[in-house]
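Respectively, the protein sequence lines represent chains A and B.
Position 20 of the first sequence, counted from 1, bears residue number 20 in this note's numbering, the numbering being contiguous throughout.
Position 96 of the second sequence, counted from 1, bears residue number 96 in this note's numbering, the numbering being contiguous throughout.
Be a bit skeptical, because a hint or two may be false.
[As the list claims (entries may be wrong)] Pair ranges (Cβ atoms, derived):
| id | chain 1 | residue 1 | chain 2 | residue 2 | range |
| --- | --- | --- | --- | --- | --- |
| 1 | A | Leu111 | B | Lys57 | 46 to 56 angstroms |
| 2 | A | Tyr64 | B | Thr113 | 33 to 43 angstroms |
| 3 | B | Gln56 | A | Glu44 | 22 to 32 angstroms |
| 4 | B | Lys70 | A | Thr20 | 34 to 44 angstroms |
| 5 | B | Lys70 | A | Arg72 | 37 to 47 angstroms |
| 6 | A | Thr60 | B | Asn18 | 39 to 49 angstroms |
| 7 | A | Ala81 | B | Val115 | 13 to 23 angstroms |
| 8 | A | Gln57 | B | Lys9 | 20 to 30 angstroms |
| 9 | B | Gly3 | A | Gly85 | 15 to 25 angstroms |
| 10 | B | Lys70 | A | Ala81 | 28 to 38 angstroms |
| 11 | A | Glu15 | B | Thr95 | 32 to 42 angstroms |
[As the list claims (entries may be wrong)] Restricting the straight-line Cα-Cα distance to at most 20 angstroms, the calculated cross-link-like pairs of lysine-lysine (PhoX-like) are:
| id | chain 1 | residue 1 | chain 2 | residue 2 |
| --- | --- | --- | --- | --- |
| 12 | A | Lys73 | A | Lys3 |
| 13 | B | Lys71 | B | Lys57 |
| 14 | A | Lys70 | A | Lys3 |
| 15 | B | Lys57 | A | Lys101 |
| 16 | B | Lys83 | B | Lys57 |
| 17 | A | Lys101 | A | Lys73 |
| 18 | A | Lys3 | B | Lys83 |
| 19 | B | Lys71 | B | Lys83 |
| 20 | B | Lys83 | A | Lys101 |
[Stated by the list, open to error] Listed below are several chain B residues computed to face chain A (Cβ distance under 8 angstroms; list not exhaustive):
| id | residue |
| --- | --- |
| 21 | Phe12 |
| 22 | Ala31 |
| 23 | Gln41 |
| 24 | Gln50 |
| 25 | Ile51 |
| 26 | Phe55 |
| 27 | Gly58 |
| 28 | Leu90 |
| 29 | Glu103 |
| 30 | Ala104 |
| 31 | Gln108 |
| 32 | Gly109 |
What the hints contain is simulated information worked out from the structure, not anything from laboratory work.
Note that the Cβ used here is the ideal one computed from N, Cα and C, for glycine as well.
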Amino acid sequence: AQKITQTQPGMFVQEKEAVTLDCTYDTSDPSYGLFWYKQPSSGEMIFLIYQGSYDQQNATEGRYSLNFQKARKSANLVISASQLGDSAMYFCAMREESFQKLVFGTGTRLLVSP
Amino acid sequence: DGGITQSPKYLFRKEGQNVTLSCEQNLNHDAMYWYRQDPGQGLRLIYYSQIVNDFQKGDIAEGYSVSREKKESFPLTVTSAQKNPTAFYLCASSTPDRGLNTEAFFGQGTRLTVV
Numbered sequence: 001a002q003k004i005t006q007t008q009p010g011m012f013v014q015e016k017e018a019v020t021l022d023c024t025y026d027t028s029d030p031s032y033g034l035f036w037y038k039q040p041s042s043g044e045m046i047f048l049i050y051q052g053s054y055d056q057q058n059a060t061e062g063r064y065s066l067n068f069q070k071a072r073k074s075a076n077l078v079i080s081a082s083q084l085g086d087s088a089m090y091f092c093a094m095r096e097e098s099f100q101k102l103v104f105g106t107g108t109r110l111l112v113s114p
Numbered sequence: 001d002g003g004i005t006q007s008p009k010y011l012f013r014k015e016g017q018n019v020t021l022s023c024e025q026n027l028n029h030d031a032m033y034w035y036r037q038d039p040g041q042g043l044r045l046i047y048y049s050q051i052v053n054d055f056q057k058g059d060i061a062e063g064y065s066v067s068r069e070k071k072e073s074f075p076l077t078v079t080s081a082q083k084n085p086t087a088f089y090l091c092a093s094s095t096p097d098r099g100l101n102t103e104a105f106f107g108q109g110t111r112l113t114v115v
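Please model the complete structure; the sequences and the hints are all you need to start from.
Okay, structure coming up:
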């Protein structure tokens, strides 16, 4: 069964600094996709970045990058130059090609301080 | 505009009552999902559907039921068998037929409270 683990319940970072949010996953399917979402206090889910299991390069989207280490089954999100508006919950998720279920981790609450 | 609409935004239910949460999408997506989120917790998958007239149980399906009679609609019924239904419910959709590189789009959520 697929599983996503986010071991950091909360993270603190100062404005303009970089922060890494950890995500490890477990799957036996060779083909899968990894996603990161942001959830502000309003509750909406905002898609940030995607990484495919066969992608050779780490994904990047603006200030977001994904540190993908396939052998270690980790897909950490790196946010560069943190902003106050980055304060939110962040969720890692995975979809396996064989089942198409989209499964989420428990999330990390990020707080950016001035 | 294309998107996913969940209604109502807030819902109050008396104990022992069934209640149905609506989820409609006009994105022409084949796959739809229902998640439950408890305060400070992650999203847990209740049910998902990859195609009309077909759906599968997720990790916490007990006490819930769904139907998928139309591509656009995936309503979730919270039955009286669900012992602790107070939570935030999120509906999502995606297009898995275009490969894994398609993110799920989410509705704004329904906050259900048992009174």
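Verification of the hints:
{"no.": "1", "hint": "A:Leu111 - B:Lys57: 46 to 56 angstroms", "result": "violated, 36 angstroms"}
{"no.": "2", "hint": "A:Tyr64 - B:Thr113: 33 to 43 angstroms", "result": "holds, 34 angstroms"}
{"no.": "3", "hint": "B:Gln56 - A:Glu44: 22 to 32 angstroms", "result": "holds, 26 angstroms"}
{"no.": "4", "hint": "B:Lys70 - A:Thr20: 34 to 44 angstroms", "result": "holds, 43 angstroms"}
{"no.": "5", "hint": "B:Lys70 - A:Arg72: 37 to 47 angstroms", "result": "holds, 43 angstroms"}
{"no.": "6", "hint": "A:Thr60 - B:Asn18: 39 to 49 angstroms", "result": "holds, 46 angstroms"}
{"no.": "7", "hint": "A:Ala81 - B:Val115: 13 to 23 angstroms", "result": "violated, 45 angstroms"}
{"no.": "8", "hint": "A:Gln57 - B:Lys9: 20 to 30 angstroms", "result": "violated, 40 angstroms"}
{"no.": "9", "hint": "B:Gly3 - A:Gly85: 15 to 25 angstroms", "result": "holds, 22 angstroms"}
{"no.": "10", "hint": "B:Lys70 - A:Ala81: 28 to 38 angstroms", "result": "violated, 45 angstroms"}
{"no.": "11", "hint": "A:Glu15 - B:Thr95: 32 to 42 angstroms", "result": "holds, 37 angstroms"}
{"no.": "12", "hint": "A:Lys73 - A:Lys3", "result": "holds, 11 angstroms"}
{"no.": "13", "hint": "B:Lys71 - B:Lys57", "result": "holds, 18 angstroms"}
{"no.": "14", "hint": "A:Lys70 - A:Lys3", "result": "holds, 15 angstroms"}
{"no.": "15", "hint": "B:Lys57 - A:Lys101", "result": "holds, 10 angstroms"}
{"no.": "16", "hint": "B:Lys83 - B:Lys57", "result": "holds, 18 angstroms"}
{"no.": "17", "hint": "A:Lys101 - A:Lys73", "result": "holds, 18 angstroms"}
{"no.": "18", "hint": "A:Lys3 - B:Lys83", "result": "violated, 25 angstroms"}
{"no.": "19", "hint": "B:Lys71 - B:Lys83", "result": "violated, 30 angstroms"}
{"no.": "20", "hint": "B:Lys83 - A:Lys101", "result": "violated, 25 angstroms"}
{"no.": "21", "hint": "Phe12", "result": "violated, 17 angstroms"}
{"no.": "22", "hint": "Ala31", "result": "holds, 6 angstroms"}
{"no.": "23", "hint": "Gln41", "result": "holds, 6 angstroms"}
{"no.": "24", "hint": "Gln50", "result": "holds, 6 angstroms"}
{"no.": "25", "hint": "Ile51", "result": "violated, 10 angstroms"}
{"no.": "26", "hint": "Phe55", "result": "violated, 12 angstroms"}
{"no.": "27", "hint": "Gly58", "result": "holds, 7 angstroms"}
{"no.": "28", "hint": "Leu90", "result": "holds, 7 angstroms"}
{"no.": "29", "hint": "Glu103", "result": "holds, 4 angstroms"}
{"no.": "30", "hint": "Ala104", "result": "holds, 5 angstroms"}
{"no.": "31", "hint": "Gln108", "result": "holds, 6 angstroms"}
{"no.": "32", "hint": "Gly109", "result": "holds, 5 angstroms"}
In summary, the numbered hints that this structure violates are 1, 7, 8, 10, 18, 19, 20, 21, 25 and 26.
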